[in-house]
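> So the chains spell out like this:
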Amino acid sequence: MKNLKRVHYFGAFLSFVLAVWAVAAGAQDVPDVGPHPPAPPKEMESHIGKLVGHSQNAKSDYRRYCAGCHGDLGDGNGENAVWLDPKPRDFTMATFKCRSTLTGTLPTDEDLFNTIGRGLTNSNMPIWNTFSNQQRADLVAYVKTFSSRWEKEKPGDPITIPAEPPVTIESISHGKYLFTKLECWKCHGPQGKGDGPSASTLTDSKDNPIRPYNFAAGTDDSRFKCGSTNHDIYKIFMTGVDGTPMPSFADTISPTDAWDLVHFLRTLQVKRHSPENEALKAAGGKIPPYVEKPSAAPAQSGNGAAGGN
Amino acid sequence: MRASKSCVAILIATLCPALMYGGTISGKITYTGTPVRQKPIDMSKEPSCAKQHATPVTTETVVTGANNALENVVVYISAGADDANAPAQAVTFTQKGCQYLPHVVVLQAGQELKVVNDDQTSHNIHPLAKQNREWNKSQPPGSPAIEAKFDQPEFISVKCNIHPWMHGWFAVLKTSHYSISSNGGGFTLPNLPPGKYTVTAWHEDYGTQTQDVTISGNETKTINFAFKAKAY
Numbered sequence: 002m003k004n005l006k007r008v009h010y011f012g013a014f015l016s017f018v019l020a021v022w023a024v025a026a027g028a029q030d031v032p033d034v035g036p037h038p039p040a041p042p043k044e045m046e047s048h049i050g051k052l053v054g055h056s057q058n059a060k061s062d063y064r065r066y067c068a069g070c071h072g073d074l075g076d077g078n079g080e081n082a083v084w085l086d087p088k089p090r091d092f093t094m095a096t097f098k099c100r101s102t103l104t105g106t107l108p109t110d111e112d113l114f115n116t117i118g119r120g121l122t123n124s125n126m127p128i129w130n131t132f133s134n135q136q137r138a139d140l141v142a143y144v145k146t147f148s149s150r151w152e153k154e155k156p157g158d159p160i161t162i163p164a165e166p167p168v169t170i171e172s173i174s175h176g177k178y179l180f181t182k183l184e185c186w187k188c189h190g191p192q193g194k195g196d197g198p199s200a201s202t203l204t205d206s207k208d209n210p211i212r213p214y215n216f217a218a219g220t221d222d223s224r225f226k227c228g229s230t231n232h233d234i235y236k237i238f239m240t241g242v243d244g245t246p247m248p249s250f251a252d253t254i255s256p257t258d259a260w261d262l263v264h265f266l267r268t269l270q271v272k273r274h275s276p277e278n279e280a281l282k283a284a285g286g287k288i289p290p291y292v293e294k295p296s297a298a299p300a301q302s303g304n305g306a307a308g309g310n
Numbered sequence: 006m007r008a009s010k011s012c013v014a015i016l017i018a019t020l021c022p023a024l025m026y027g028g029t030i031s032g033k034i035t036y037t038g039t040p041v042r043q044k045p046i047d048m049s050k051e052p053s054c055a056k057q058h059a060t061p062v063t064t065e066t067v068v069t070g071a072n073n074a075l076e077n078v079v080v081y082i083s084a085g086a087d088d089a090n091a092p093a094q095a096v097t098f099t100q101k102g103c104q105y106l107p108h109v110v111v112l113q114a115g116q117e118l119k120v121v122n123d124d125q126t127s128h129n130i131h132p133l134a135k136q137n138r139e140w141n142k143s144q145p146p147g148s149p150a151i152e153a154k155f156d157q158p159e160f161i162s163v164k165c166n167i168h169p170w171m172h173g174w175f176a177v178l179k180t181s182h183y184s185i186s187s188n189g190g191g192f193t194l195p196n197l198p199p200g201k202y203t204v205t206a207w208h209e210d211y212g213t214q215t216q217d218v219t220i221s222g223n224e225t226k227t228i229n230f231a232f233k234a235k236a237y
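Each protein sequence line maps, in turn, to chains X and L. Counting from 2, one number per residue, gives the positions in the first sequence under the working numbering. Counting from 6, one number per residue, gives the positions in the second sequence under the working numbering.
Simulated from the structure, these hints should not be mistaken for laboratory data. Even glycine gets a Cβ: it sits at the ideal position worked out from N, Cα and C. A portion of the hints provided could be inaccurate.
[Unchecked claim] Have a look at the derived ranges for each label pair, beta carbon to beta carbon:
no., chain 1, residue 1, chain 2, residue 2, range
1, L, 101, X, 50, 43 to 53 Å
2, L, 53, X, 132, 44 to 54 Å
3, L, 135, X, 122, 38 to 48 Å
4, X, 158, L, 223, 45 to 55 Å
5, X, 61, L, 38, 48 to 58 Å
[As the list claims (entries may be wrong)] 27 Å max Cα-Cα, derived DSSO-like pairs, lysine-lysine:
no., chain 1, residue 1, chain 2, residue 2
6, L, 154, X, 155
7, L, 235, L, 201
8, L, 135, X, 153
9, X, 155, X, 182
10, L, 135, X, 155
11, L, 50, X, 182
12, L, 56, X, 182
13, L, 201, X, 207
14, L, 44, L, 235
15, L, 154, L, 119
16, X, 207, L, 33
17, X, 207, L, 44
18, L, 44, X, 194
19, L, 201, L, 179
20, L, 235, X, 207
21, X, 153, X, 60
22, X, 182, X, 194
23, X, 153, L, 154
24, X, 88, L, 135
25, X, 207, X, 88
26, X, 155, L, 56
27, X, 155, L, 235
28, L, 179, L, 33
29, X, 182, L, 119
[Unchecked claim] Only some residues are given here: those of chain X computed to face chain L with a beta carbon under 8 Å:
no., residue
30, 212
31, 229
32, 253
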């Protein structure tokens, strides 16, 4: 009995030695070929209101839900990416479509938090209402680990959006005047159908073909890439949709003029029930030509209900 | 009288640096083979620009001159010289006739760039930067110049999305020693102190070449670059 035990122990010991030797030998035999994975990213935090997200807590969520499209390296080259149009966001460039900050600047953590929760219409980015707020905040922090820009720069300041003035036919008329003058129709088309003269040649910043937004197809449920409210439309053209042909008009439109343009754009969504379409119907269904007011009052519209500025 | 001797000495001492930095690297950029023919641009979708050109202009990917000269090649010191502070003077990039003038603008990191719209139509300025920040701004006719700065050295492709034929480049460099080849294909890099330099020549389509040059005094060293033309 004792001898058998000794044999067993010796056998176990020998197997152990052999295993270690095999692993060591195996490791020596495998040549060191690239590519080496990049250095592990610095852990990042996100702050959305009182919520604090930590990237280290999002690793498994990212792997399970995001990496298939956005890739393990966050560069938009996940396994599914070849089948997708538009392509998944490349986080390594830290260029994002939907922001409340000026063109060329980083979005706020809240912008990213909202994008994950809202999804991106007309794309394969789902509405991620399956995550808890904490999970979403952790994922925002994880997205920030893919680019060193987050360490080197602060996000831009969110743009100031003045209060929305009343929806009036004068506001809509001014908006139409701006739409024509600023040549939005060159891409979006005169009726906002996305069929302007330049529409067919548009490419995004990675040279993929891209189409301008089609307002005319809009129904009550339609959303824009970056939201669905009038405030969202305002932000879209005042911050630009970075990474796409849609530029920022922040240097060319005053904040009050911007609201007039928003009101006009809503009337391009002809199938949608909206205050703007109601105002248009009340005015007989036609937008009157814009008449430049002789004394341009500044933005504070304290008096007069039909002020329309 | 002793004072005047020291005055002269001081004068010579202050003038010496100006006399020392007299080395020059210059030469010619040429191409070998047959470049692909540049295509005429159809600007009929933008009549206000089309009418500015009696004959249609062509794309500017490869611009050549007499004797196989290659233009729009940015030649600069990529090693051997210290990084330079950005000059206060701004550089201008103009949109005229729905073209970018110049096609390649060279500036230093941190130097101000002014983008001007001289046309009757809106343009959008979209520098497709990868090391620098990518941004995209609309610029209607009559609006003020857009001012921009780039912190990182990079060759940035620039386009207008409204007018898809418009292509240009911002060559953002760290060094103040640069030259761009014009219609003789010639370039010159003057005011070089003695040292070992790496000279890089960049062309938007034909790539990059480098050569090492040593300057020992006030001499002019000649180096030439020959780029192989692409068939397409």
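> Can you name, in rising order, the numbers of the hints this structure does not satisfy?
Numbers 3, 7, 9, 13, 16, 18, 26, 27, 30, 31, in rising order.
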